[in-house]
Amino acid sequence: MKSPATACLSAVQTLTYALMLMLIATAPAIAQELNVYSARQEALIKPLLDEFSAETGITVNLVTGKGDALLTRLQAEGRNSPADILITSDAGRLVRAEEAGALLARTSPELEAAVPARLRSPKGYWYGLSVRARALVYNLINVNPDTLSTYEALAQPQWRGRICVRSSANIYNQSLVASMLATQGAEKTAAWLDGFVANFARPPQGGDRDQIKAVAAGLCDVAIVNSYYLGGMMTSSNKAERIAASKVGIFWPNQHDRGTHVNISGVGVTAASDQPELAVQLITFLTRDSSQQWYAETNNEYPVRDNVPVSELLATWGTFKADPIDVAELGKLNAQAVMAMDKAGWK
Amino acid sequence: MAWRVGLVLTALTVALPVLVIGSSLLAPYSPTWTHILDTVLVGYLINSLALMLGVGTGTLLLGVVTAWLCATCEFTGRKLLSWGLLLPMALPAYIIAYTYTGLLDFSGPVQSSLRGWFNWSYGDYFFPEIRSLGGAICMLSLVLYPYIYLIARVAFTNQSGAALEAARSLGVGRWRTFFRVALPMARPAIVAGLSLALMETLADYGTVDYFGVSTFTTGIFRTWYGLGELRTAAQLAGFLLLFVFVLMAIERASRNRMQFHATATRSAIQRITLRGTHAALATGFCVLIVTLGFLLPAMQLLSWASISWRTAVDSQFLYLLWNSLSLALFASFICLVLALFFGYGKRRYPGATQTGAVRIASMGYAVPGTVIAVGVLIPFGTLDNQLDTLSQTLFGVSTGLLLSGTLVALVFAYVVRFLSVSLQTVESGLSRIKPSLDEAARSLGSSNKRALREIHLPLLRGSLLTALLLVFVDVLKELPTTLILRPFNFNTLAVRTFELASDERLADAALPALAIVIIGLLPVILLMRNLDRGPSSHA
Chain A
1 MKSPATACLS AVQTLTYALM LMLIATAPAI AQELNVYSAR QEALIKPLLD
51 EFSAETGITV NLVTGKGDAL LTRLQAEGRN SPADILITSD AGRLVRAEEA
101 GALLARTSPE LEAAVPARLR SPKGYWYGLS VRARALVYNL INVNPDTLST
151 YEALAQPQWR GRICVRSSAN IYNQSLVASM LATQGAEKTA AWLDGFVANF
201 ARPPQGGDRD QIKAVAAGLC DVAIVNSYYL GGMMTSSNKA ERIAASKVGI
251 FWPNQHDRGT HVNISGVGVT AASDQPELAV QLITFLTRDS SQQWYAETNN
301 EYPVRDNVPV SELLATWGTF KADPIDVAEL GKLNAQAVMA MDKAGWK
Chain B
1 MAWRVGLVLT ALTVALPVLV IGSSLLAPYS PTWTHILDTV LVGYLINSLA
51 LMLGVGTGTL LLGVVTAWLC ATCEFTGRKL LSWGLLLPMA LPAYIIAYTY
101 TGLLDFSGPV QSSLRGWFNW SYGDYFFPEI RSLGGAICML SLVLYPYIYL
151 IARVAFTNQS GAALEAARSL GVGRWRTFFR VALPMARPAI VAGLSLALME
201 TLADYGTVDY FGVSTFTTGI FRTWYGLGEL RTAAQLAGFL LLFVFVLMAI
251 ERASRNRMQF HATATRSAIQ RITLRGTHAA LATGFCVLIV TLGFLLPAMQ
301 LLSWASISWR TAVDSQFLYL LWNSLSLALF ASFICLVLAL FFGYGKRRYP
351 GATQTGAVRI ASMGYAVPGT VIAVGVLIPF GTLDNQLDTL SQTLFGVSTG
401 LLLSGTLVAL VFAYVVRFLS VSLQTVESGL SRIKPSLDEA ARSLGSSNKR
451 ALREIHLPLL RGSLLTALLL VFVDVLKELP TTLILRPFNF NTLAVRTFEL
501 ASDERLADAA LPALAIVIIG LLPVILLMRN LDRGPSSHA
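Taken in order, these protein sequences are the chains called A and B.
Residue numbers for the first sequence follow the numbering used here, beginning at 1 and rising by one.
Residue numbers for the second sequence follow the numbering used here, beginning at 1 and rising by one.
FRET-style restraints, in silico, Cβ to Cβ:
1) L61(B) with G185(A): 49 to 59 Å
2) D146(A) with Y122(B): 21 to 31 Å
3) T316(A) with S303(B): 26 to 36 Å
4) Q184(A) with Y122(B): 29 to 39 Å
5) Q316(B) with E312(A): 28 to 38 Å
6) T291(B) with Q156(A): 45 to 55 Å
Over 10 Å on every C-beta distance to chain A, these chain B residues come out as not near it, computed from the model:
7) G173
8) L295
9) L394
10) N448
11) E454
Source of the hints: derived by calculation from the structure; they are not laboratory data.
Positions of the beta carbon are idealized from the N, C-alpha and C atoms, including for glycine.
Could you build the full structure based on these sequences and the hints that come with them?
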């Protein structure tokens, strides 16, 4: 009699061979190949990498994951790491990678012309790929946009119980507070945080889309969110999301002083890379006009290049003044920002 | 001797990542600790303990009652329900959290309809907030109770009908029989299931993060990602491990003097046929749990998938299926073999060293997957680089990375993370086999191998299949470890689901999520049919 255990055993044996085959198949070969660790999700980077492969014949292998985890993997693998390129979804992780010695400085006139100085590392360790803006979203019925002005003003008592924002564990909230630390100093930032946290309509929860839905439903009146989430909801296949998006307006804060807070998704060559020239070629590709346009059209992010037009949808939101602060500065202040938020009780 | 050494060495290998994390406790403590102690730590502790208490109570209630009903009573729909009750297991906790938020949130269909019908607006009415500590307890209880249900059901079914009948013939009522005889006899099984549920609760990140509940686990990630202090984060994780270790030790000590073995004569249990209200209540209770834990969220997923399936099904989909399936089968089998080796070794050659080593090796389940991944990355990376240096100095050839970034590293991490699941199940099965059986076998001149093959394995069949199934489903759902340790261009269903869900594209995430659930179901159905053939068919 063939027991289920034996049947299972032979099935597993077959699988073992199959897995070993897969192992061999997935082992990176030596030919013209580039290996990418990306904190940008597959859907938001793979199509571009495929295009690069089609144009150059260079195969690009991809692993996606969380920025810090990828950086830890890069460090643990050390000088033998197969990765040539690290892509992150914020400047802070790039600064961390640079400080950890995991990146290689590379400059080229082309890259310097493509990416404005405040959106890249001064020494060429990393470059911005796309700009992500943290905007205000307000309820079209309950809020007169004339009453909105700055992030700072959201700490005023008139907004008591009217604000929604996600957890302070979110990197974009951290970098927003870091930008305040850089421009206003620790004391004013702490005072602002106290007033701001007191104005929350509910304990922080959910993601940015959830904040937009809460504003649309009238649970709160104003939320701070990354603008591409609103774009994603407006073009969503889900009708409920499109309806919610139609009930809110977008407002660019701080237009009369430093400008709206922005962060970047960015890229750097790893220190372990044995083909940095090829890696630079890919980075140059990712910052060229057509690629820049792709970020805008696929995920409603803003191009880093000034000459590239934004998507049709983004154009309807008008232009805005972005905070010109060096994004590297935000990365350096990130830990301080988290501690300030801890102290203010922003969960 | 060889057994003992082999056992300890294997256990230590599996324990390596846990030891790497634990050893961070000996490293210097950064000034950040003052900040953490002053501001957030108390909150983390209170929330984590409350979550454990809530999920512990919830899973016990759901798991034990359903297991008892299905094992010892007969009521309408019992057969269907007895495997239906396993369905929630296939849902990753964060997915069920997303679906319930979609349903019950302020802007969701339920509250919107209520507002529409009664013309209410915000603040006019009370509605429990789903994204809260209470909500997290409900979500986790709904998906974790099957651990208790499955293990306890096997235990209840295998309980000697004679013991229960003896109790009843002595005039003990049905309820008292349950509390005085059946429950104590099933205690190792129930505790095994409960400790799995609690460890998983401690390791959960997705649900509590989405619900905005700050627990010890979210604290670990906040310290790592936000403050950029991996060492401090590892120290936090180390304290979590210490806590689990103490908890396990207390539990062991409390049942040390008790013995739970089935009598040698195994008269199959006679199911009590419930009638009238009782039968209706039993059916209703089980249906309610299956509905809340599976049908409702699955319907929400289906409705999302119906919007997005055209874009979600692509050429990659079959490849994702294959990756997920093969990895899960492979890893669950390795876990089973190791669990059997450890469980049997401990039984045959008891000793403090072996017990300690195995216990440390099985603690990975309480640690968030990403932290385990770090525990795997560091020793593997070091080993690979040392080998490379050695090979370069000796032969002038670079070996590169041999283990890091391969499926070997990934499967190893799965074993570290999920060994506890198979071990608890196997051990609870072994504890129900009388040691006198082993002695009898030995006195008749049977070797260890033969005793294992001819006596223990047949008696353990139910437990082994359960162990295989539990780990299979766990690996299928596993995300954070897979995400960080996988080779280039290697995706699974869980990775696809997570990437879409983390971008808050729930509708698009619904289809791969459903696929996880459906694949998780196949072995559930297969194994349930096997289990239902009865425990004594081989004995």
